[in-house]
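Use these hints to put chain B onto chain A, whose structure you have.
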Amino acid sequence: MIDLETRVYKNENVPWRIIEDEAILVEVKKGEVIHLNDVGAKIWDLIDGENTVQDIVLGVVGAYEVDEDTARQDALCFISEVLEKGLAAVRDE
Amino acid sequence: MNKTGFTLDIARVPVRIFSDREKSLGLIEGVFGGFISRGEPELAIEVRETRRDIPEDLPEDLLSDVKVIRKGQNIGFYTKAFPGAELGFFDPRENKAVFFDRGGGFLENHIRAFTLAVFQFFLFHREYGFVIHASGIRQGGRGYLFPGPSGSGKTTITALWPGASVVSDEFICIRESKGAYFMYSTPWKETTKSEAVIGKIIFPRKADRLEIKKVSPASAALELLSNIIYSFYDASIMEKALGTVKDITKKVPCSEMRFALDSSFWQEVAV
Chain A
22 MIDLETRVYK NENVPWRIIE DEAILVEVKK GEVIHLNDVG AKIWDLIDGE NTVQDIVLGV
82 VGAYEVDEDT ARQDALCFIS EVLEKGLAAV RDE
Chain B
9 MNKTGFTLDI ARVPVRIFSD REKSLGLIEG VFGGFISRGE PELAIEVRET RRDIPEDLPE
69 DLLSDVKVIR KGQNIGFYTK AFPGAELGFF DPRENKAVFF DRGGGFLENH IRAFTLAVFQ
129 FFLFHREYGF VIHASGIRQG GRGYLFPGPS GSGKTTITAL WPGASVVSDE FICIRESKGA
189 YFMYSTPWKE TTKSEAVIGK IIFPRKADRL EIKKVSPASA ALELLSNIIY SFYDASIMEK
249 ALGTVKDITK KVPCSEMRFA LDSSFWQEVA V
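The listed protein sequences derive, respectively, from chains A and B. Residue numbers for the first sequence follow this note's numbering, so the first one is 22 and each next one is one higher. Residue numbers for the second sequence follow this note's numbering, so the first one is 9 and each next one is one higher.
So that you can see chain A by itself, here it is in the shape it has in the complex (with noise of 0.2 Å):
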């Protein structure tokens, strides 16, 4: 269970890059690639272990026009499903 404090980080087996605002990551082991929209980059690209859930949040706010609660729905999905996959996992404190 994340919440507005969690800290995540990304798996460093998952090769990726930011192509122009999208993104591109690659499961190895499925022979899978995931194409990330801007949105879904700007929130992959501040998955680095330092920032909080709440930190991403305001990234997002910050980059794009939408309001808070929308960002923080959209945040709150999108790191539930890369942890699920195991693309990220969470920061022990």
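Just so you know, not all the hints are guaranteed correct.
Derived DEER-like restraints, expressed as beta-carbon distance ranges [said to hold, decoys possible]:
| id | chain 1 | residue 1 | chain 2 | residue 2 | range |
| --- | --- | --- | --- | --- | --- |
| 1 | B | A188 | A | D113 | 44 to 52 Å |
| 2 | B | R78 | A | D113 | 26 to 34 Å |
| 3 | B | E102 | A | L25 | 46 to 54 Å |
| 4 | B | D255 | A | D59 | 16 to 24 Å |
| 5 | B | I77 | A | T73 | 39 to 47 Å |
Simulated coverage check for chain B against chain A, where a stretch passes if three residues somewhere in it have a Cβ under 8 Å from a Cβ of chain A [what the hints assert, rightly or not]:
| id | stretch |
| --- | --- |
| 6 | 217 to 229 |
| 7 | 232 to 240 |
| 8 | 243 to 251 |
These aren't lab readings, by the way, just hints derived from the structure by calculation. These numbers come from a predicted model, not from an experiment. For each residue, glycine too, the CB sits at the ideal point set by N, CA and C.
Then chain B, alone, in the frame of chain A:
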């Protein structure tokens, strides 16, 4: 015993094939004859006799039965159907590979599958580019690359393009030189050397009418990665492939093309 051999030019990489088995060398020379060249080798492949029993029935599809396994610092190539049958190995530190020739003489598809795999891992390790499932056409000094899996229409395109100079309709090597990306024919399907600067990348889709539209660099990168041979081998290889693919999609315009089975597309593409 003396080891003799010859040098191939694969995408402008000199590859030395050598052995003390003259008969095998003669046969291999026959398979890759159109690519024989000169030059200081950057990659060396030795053909060595083995008494191990390598089965004869490796499928026609060069890639479907080859399994790649890391063996310490080396990369081993096996057949999936017969796990005990090692085709050979590649040592990326020395840029050397050994192909195990059966006592009874090599099998053409074995040497094709093995050299393709070795060359791809050599390119990955040197960050030199990659071999991709694609067809390619050269016209008016420009190259048009059509990446895609079997059934996507890439071979149909080469057949329908009037007067096309086909670089390849199956395996193309892509490499960067002086800021531009080149496509090269390869000896695994083609019999002659050919190259062109890549001017456009077009992802083909069979449809009932013609429609061409630009795709985002990230979408193009996704499709390119999906067609690079062995790119999903491990994360470090994928890292290298990703870096190259990102650069290509930045420098070369990428589109997707829905097309019917007629030649009307080429005038739209070659603009």
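Comparing the hints with the structure gives:
1. A188(B) <-> D113(A): 44 to 52 Å: holds, 48 Å
2. R78(B) <-> D113(A): 26 to 34 Å: holds, 31 Å
3. E102(B) <-> L25(A): 46 to 54 Å: The hint (46 to 54 Å, Cβ to Cβ) holds, given that E102(B) and L25(A) are roughly 53 Å apart.
4. D255(B) <-> D59(A): 16 to 24 Å: holds, 20 Å
5. I77(B) <-> T73(A): 39 to 47 Å: Since I77(B) and T73(A) have Cβ atoms about 42 Å apart, the given range 39 to 47 Å holds.
6. 217 to 229: holds (count 5)
7. 232 to 240: holds (count 3)
8. 243 to 251: Coverage by chain A holds for the stretch 243 to 251 of chain B (5 residues, Cβ < 8 Å).
The structure agrees with every numbered hint stated previously.
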